[in-house]
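**Q** Fit chain U with the ligands to the known structure of chain Z by using the hints.
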Amino acid sequence: MAERGFQISRLPGFATVAIGAFVLLYLPILTLVVYSFNASNSVAVWGGFSLHWYADAWANEDVKAATVRSLVIGVSAAFLSTILATLAALGTTRRRAFKGQTLIYVVINQPLMVPEIVTAVALMIFFGIIKVATGYQGLGYLIAAHTAFCLPFAYLPIRARLESMDLALETAAADLYASPWQTFRRVTLPLLAPGIMAGAMLAFVISLDDVVITEFVKSGGQDTLPTYMLGQLRRSFTPEVNAISTMLLAVTVVLLTAFFLLTRKKD
Amino acid sequence: MSDTVTISARNVVKAFGQGAGQVRALDDVSVNIRQGEFFTLLGPSGCGKTTLLRLIAGFEMPTGGTILLDGADITTQPPNKRPVNTVFQSYALFPHLTVAQNIAFGLEMLGKPASEVKARTAAMLALVKLEAMAGRKTSQLSGGQQQRVALARALAPQPKVLLLDEPLSALDLKLRKEMQIELKRLQLETGITFIFVTHDQEEALTMSDRIAVMSAGKIQQVGSAKEIYIHPKNRFVASFIGETNFLHGKAEAGALRLGTGERVEVPGLAAGGEATVSVRPEQVRLVLPSDGLKATVGALVYFGTDTHCHLHLADGTEVVARLQSPATGEAGLAQGQAVGLRFAEGAVQRVED
Ligand SMILES: Nc1ncnc2c1ncn2[C@@H]1O[C@H](COP(=O)(O)OP(=O)(O)OP(=O)(O)O)[C@@H](O)[C@H]1O
Ligand SMILES: [Mg+2]
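Chains as they are written, first to last, in our numbering: chain Z, 896 to 1162; chain U, 79 to 431.
This is chain Z alone, in the form it adopts within the complex:
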């Protein structure tokens, strides 16, 4: 071939820039992980290898409570947003195009576009009114808020999966005497399952990671892990925070790896 298409990887200096970017991205994280095993009290001076910050974090009742809260909120929000996202994805791909479809698409993806701080303030005020009116102070507000901003993250992989699915499969099921429900149950849902799992995992990770909205919406004593850490940073800064961060990182990496494996194109 006389002419090769434009390839960004063939530009001069590509390798240097790429390596630089990776170092910038991962060096701080690597430092954080390394210092979580620091024996000394300082986050800047290395005092030998130790696991005692992990032990401290593990023994800390506040950390435990925040972890449980994070998990409860994350699992609930992931579960609810995935169900809503599945229904929304089916509604926007498996029926005739209808007026207002674009609007629905925009509404579902709104959390991706509106600045998070705006949503946070709005939710704080809105839930504040409800708290006063009902007297309810529980985790429900956080779960509702997380469900809302997790929705687009659950929706996108599910929708992608539905759109890449061969429609002839559902037609074939109907041809072979399956009712619409049986077609959904026996063909659409099993084929959609990896997309649903991926959506749920992504939603969970997004919920686990949230600071801004949680900080605004939570009532007293409702710290999640990230907001607990934020509170710690304001006071004494110990490698315990590094240890918690490293554990969060590990969970996130595992889930995201699973996500990529699930959404990867087969063959």
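Derived from the structure by calculation, the hints contain no laboratory data.
A virtual CB, placed ideally from N, CA and C, is assigned to each residue, including glycine.
Not everything, but these chain U residues come out facing chain Z in the computed CB check (under 10 angstroms):
no. : residue
1   : Ala135
2   : Pro161
3   : Thr164
4   : Ser168
5   : Leu175
6   : Leu188
**A** Frame of chain Z; chain U with the ligands shown alone:
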């Protein structure tokens, strides 16, 4: 095969879209398909073959007209209520199920008892010679094997009618020939009515009991391969099935007066107006110039056993004659030579425009 009608389409119209951009995929189609026959829909791309099949399967509703199955109106019945199964062009095998589970799907949806599902699935696997593959995922099969699974899956519930939309088009030539024989065998063994779609005229001619030739959303002619080949109804059918020569001229009693002033006998032709006739190339005979229509030899194209001889009448009309190769060699035909043309008895067929 019997004379009982299984599928009957009556004045079926299917339009897509609205207003100026509207496409009439089917335009007043009426056809009766008999029980147990191998019926082929043949026509060029976009003529409405798939659309007709989808209407019979129930994947689409017609814009007008009715579809009957064994005399009962099924026009608005959903596909899962019709005893009709489809072999899809893309096979549409369920990728999350094994070969055996794919074949069992229809039977399970019909609520057949487990023992019957098992027995019929096994019988179907044997019928398409895939017993060894029962536990495999369909993605681990070759194209030909996937094709067989699609067939077995559609035949397992013993439908009254099997619809096949260009099922062989994805296969290479050798496999296609094998599957043609296989399909014919399955049809004879099961006695199920097959409605087969193809745009390959050779496939249609060799496999079908009857063929419907379609064009532009209309059925042009229905008949056996022989009927359609020998008595094509119009120009489209004559040229779509096999090759042919058209002669055009004034209609006289029992003959056609060509532009050259010469007469061609057309038995039964009534005088008045213009008419077109079709003559197949293998029905054209070369004789001495004094014994037939005067023509000069143009190009000679060698095809192995046959040679196509392009001839020109006095008014320039081209006629192709298919001659056995040794004959041309012995006769020593050469370009520019003057010859006479005669047509075999019964070879001249009047066709509509
Ligand atoms: N869903 C649809 N929407 C709009 N037009 C359609 C639709 N389905 C078919 N058509 C049109 O109807 C006509 C007939 O289509 P059909 O698929 O029946 O043709 P076909 O004979 O099966 O052709 P091929 O041999 O290419 O498969 C075409 O002009 C096609 O563009
Ligand atoms: Mg087609």
